[in-house]
Amino acid sequence: MLVLFTDSDTDITPEIAKEYGYRIISMPYSIEDNTVFPYEDFEKFDEHEFYETLRGGVIPNTSGISEEKYIRYFEPEFSAGNDILYVHFSRAMSGTFEAMDSAVKKLKEKYPERSFYEIDTRAISILSLNICMEIGDMAKRGAGIDEILKWAETEVDKFAVYFFADDLKFFKHSGRVSALAGTMGTLLGVRPIIYMGSDGKMTNIGKEKGRSKAIARLISYAKELGDDMEGHRVLIAHADAPEIAEELRQSLISEFGDKLNIQIIVVNPTIGSHCGPDSAGICFHSKHR
Amino acid sequence: MREEVIDGCLFSSMIFAGADNLDANRKLVNDLNVFPIPDGDTGDNMFMTIDSGADELSGEENGEVGTAAAAAARGMLLGARGNSGVILSRIFAGIADGLKGLKKADVETLSKAFLLGVDEAYGAVSKPVEGTILTVYKDAAGYADSRITDDSTILSYFDDFVKELRCSLERTPELLDVLKEAGVVDSGGAGFFYIAEGMRDVLSNGTSKAERSSSKTAAVKVDISRFTEDSELKFGYCTEVLIRLQRSKVDPETFDIKPLEAWLKENGDSVVIFKDGSIVKIHVHTMTPGQVLNYCQQFGEYLTIKIENMTLQHNEHYAKEEETWSKKPHKAFGLVSVAAGKGIKELFSSLGCDEVVDGGQSMNPSTEDFVKAFRKINADTIFVFPNNGNVILTANQAAQIYDKAEVLVVPSKTVGEGYAAISMFDENSGDAGFIANEMKEIVEGVITGMVSRASRDARRDGLDIRSGDYIGFAGDTVYVDKADRSEAAVSLCERLGAGNCDILLILRGEAVSEEEAERLKSELSEKYKKTEVIVMDGGQPVHDYIIVFE
Chain A
1 MLVLFTDSDT
11 DITPEIAKEY
21 GYRIISMPYS
31 IEDNTVFPYE
41 DFEKFDEHEF
51 YETLRGGVIP
61 NTSGISEEKY
71 IRYFEPEFSA
81 GNDILYVHFS
91 RAMSGTFEAM
101 DSAVKKLKEK
111 YPERSFYEID
121 TRAISILSLN
131 ICMEIGDMAK
141 RGAGIDEILK
151 WAETEVDKFA
161 VYFFADDLKF
171 FKHSGRVSAL
181 AGTMGTLLGV
191 RPIIYMGSDG
201 KMTNIGKEKG
211 RSKAIARLIS
221 YAKELGDDME
231 GHRVLIAHAD
241 APEIAEELRQ
251 SLISEFGDKL
261 NIQIIVVNPT
271 IGSHCGPDSA
281 GICFHSKHR
Chain B
1001 MREEVIDGCL
1011 FSSMIFAGAD
1021 NLDANRKLVN
1031 DLNVFPIPDG
1041 DTGDNMFMTI
1051 DSGADELSGE
1061 ENGEVGTAAA
1071 AAARGMLLGA
1081 RGNSGVILSR
1091 IFAGIADGLK
1101 GLKKADVETL
1111 SKAFLLGVDE
1121 AYGAVSKPVE
1131 GTILTVYKDA
1141 AGYADSRITD
1151 DSTILSYFDD
1161 FVKELRCSLE
1171 RTPELLDVLK
1181 EAGVVDSGGA
1191 GFFYIAEGMR
1201 DVLSNGTSKA
1211 ERSSSKTAAV
1221 KVDISRFTED
1231 SELKFGYCTE
1241 VLIRLQRSKV
1251 DPETFDIKPL
1261 EAWLKENGDS
1271 VVIFKDGSIV
1281 KIHVHTMTPG
1291 QVLNYCQQFG
1301 EYLTIKIENM
1311 TLQHNEHYAK
1321 EEETWSKKPH
1331 KAFGLVSVAA
1341 GKGIKELFSS
1351 LGCDEVVDGG
1361 QSMNPSTEDF
1371 VKAFRKINAD
1381 TIFVFPNNGN
1391 VILTANQAAQ
1401 IYDKAEVLVV
1411 PSKTVGEGYA
1421 AISMFDENSG
1431 DAGFIANEMK
1441 EIVEGVITGM
1451 VSRASRDARR
1461 DGLDIRSGDY
1471 IGFAGDTVYV
1481 DKADRSEAAV
1491 SLCERLGAGN
1501 CDILLILRGE
1511 AVSEEEAERL
1521 KSELSEKYKK
1531 TEVIVMDGGQ
1541 PVHDYIIVFE
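Taken in sequence, the protein lines are chains A and B. Numbering of the first sequence is given in the working numbering, commencing with residue 1 and proceeding in unit increments. Numbering of the second sequence is given in the working numbering, commencing with residue 1001 and proceeding in unit increments.
What the hints contain is simulated information worked out from the structure, not anything from laboratory work. Quick reminder that beta carbons are idealized off the backbone N, C-alpha and C, glycines included. Everything hinted at is true.
Reference listing, derived: stretches of chain A covered by chain B, where coverage requires no fewer than 3 residues with Cβ under 8 Å from a Cβ of chain B:
hint : stretch
1    : 188-198
2    : 206-215
With a straight-line cut-off of 27 Å between C-alpha atoms, the simulated BS3-like cross-links for lysine-lysine are:
hint : chain 1 : residue 1 : chain 2 : residue 2
3    : B       : Lys1163   : B       : Lys1027
4    : A       : Lys69     : A       : Lys106
5    : B       : Lys1529   : A       : Lys169
6    : B       : Lys1342   : A       : Lys172
7    : B       : Lys1372   : B       : Lys1331
8    : A       : Lys287    : A       : Lys223
9    : B       : Lys1530   : A       : Lys169
10   : A       : Lys213    : B       : Lys1521
11   : A       : Lys172    : B       : Lys1331
12   : A       : Lys223    : B       : Lys1530
13   : A       : Lys213    : B       : Lys1529
14   : B       : Lys1331   : A       : Lys169
Kindly produce the complete structure, drawing on both the sequences and the hints.
Quick look at the structure:
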């Protein structure tokens, strides 16, 4: 049978993973010398505690995982005679996939009859999660791997994410956003607006002053680009800022009515280490990215 | 008739004396402040402006009134600080125009030159305000001109000029309500009065000083290590000599300098030569100063000789700056901002300003300070944020004289306006003109409130302000007056509609503790739930709180 994998960078939680039948590959972050594997080193993510630490001035580091670790995730499935579909976060954002490639290569030599499929969501956080959920839906209703891969060919580019950060120091530290306005470090209420393109990278596309204007800007993208939004989930992500998430939800409802399937998701700690606390964003089905 | 004409020497002495007299009275001028807080600096600004003109005259031989006036005007143009300083520099630019090319000037010529100063000064400001230095100077120049008769002397002209200056100065509160309310006369006009008074006193005392009593010209440091055993003489020697033509050699009266000038041009460049009576002054850059000395000795004997290796000079003055300039990567846009206080300066740096010029409410930067900042930036277009109403003219003046880049002044009147604009600066949003407009719009959409401690009793905007109170104001209007600083800040926020703002940025001054500011933040956050309250350590003087409403 086909076993679904994803990773914790997609904001998936053990509950959602269970609902859609995913195994989670844990992507670690570290604070000082203490490396933490989400959902392996803890069961439930205490977002408030984590983001409070960041508000206190701590900037965590993130890292990939080793070839051995990938082998430990994948080998039991291959040896049990299962095939694997790994719906993962953006290859363009991490070197960890080299370790994965080499793990898969070794495993294929050992289990030549087994198949390994991957879908690069070319995203992180809620954009990846939205795709995971759609694929989970398909798998649940019995779709085969060919159908899923074909769907992914066109649909991965039809989910868009727009978000804003509250403090640029986290992105500056991680260097993961291109075109970040010059040397701007101190934001003081100015929120850079970031989106993820088809290249699987985050790009800064402007800024807004104040939360209200930043929220309005995100909604304006949904208005401009939204495509069959009622037929797909609309996800809201927040890094320990439930009140911003609620404001986003209210704004979406007042713009698009109450037929939207809106879900509020907490940004996972590893991605949260890049965007920092009080970041928030929306993901919706779109004409294009 | 004691002085029928004014020459360069007398003109210089008068500028020196004017500067000295203003220096002696600058605190008095500073205190002529319409606002009851200790931020007056007109006296300082005007003194530093005229001082810079006097420096330009010091150590120079200024036989001709035209060259002396030009030198003084040039110095003031670069040294101009604050609006009054800029206007002062323009007055003298007009005067220099009127005296251009003249060795000496009689009363009528001088008066015409002073009248040119009026036009030039009014042209410097986009919206001239009456009841200021402009009016005072215009009245005095007009009155003194109307009093000229066949018997007039330079002294009698100046007597009339100074007399009307004082009368007009005393009328300024009738023209400007803010002055009347504050019970003061215009500070810029007063500063100019002290300058003119000093100039007049030179004439009446008959003491003409060749040097300044308070000359602050430091000896130019020459680093001789810059010219080593292996150095190549690239720039030659700056050679300046003063020759007394000798009757035994030539006829001093009919001596023609043209052939000498031609010879000098063949043996050097940057030739300046003029004859004043039996004295010939020569300035030339030459590789062979010895030849120049030998050649010129056939006409007379030397009074003074000055020869400097320009490689040393050149390195000193230009080499360093040009080097740093060219090393910086070229970019489309550069940002220059003006700020006082460590925190605010850091804020602007972190927002992406290339250069933060030191200055603010009580220490305005000069035109030259701006030009120096521009020189450090290698960009096509430089945006300047003066962040103070009294600095905008200076920035404009610097923008006019700088030619290595397009300089656009965004007329921000407070650090709050500057912050609001620069934080939204986006080099990808359009071309320079578009961005400048965008910045200007943001600047206009911001209100900046300030809380400062009153330094004297005052009645203003219907409030009875006591010395020691904390007043909250925005622009020229005082909105609140409280005994407690935080209370003043809170009421000011209420008066300025903080509840309708997305962001309230509070810059705490050097007098305010972090705890106090944090308490204020909590109180305001509690009160205005929809508004983001951000507190920063600005470290600025005078303004205990600068509150930016956006």
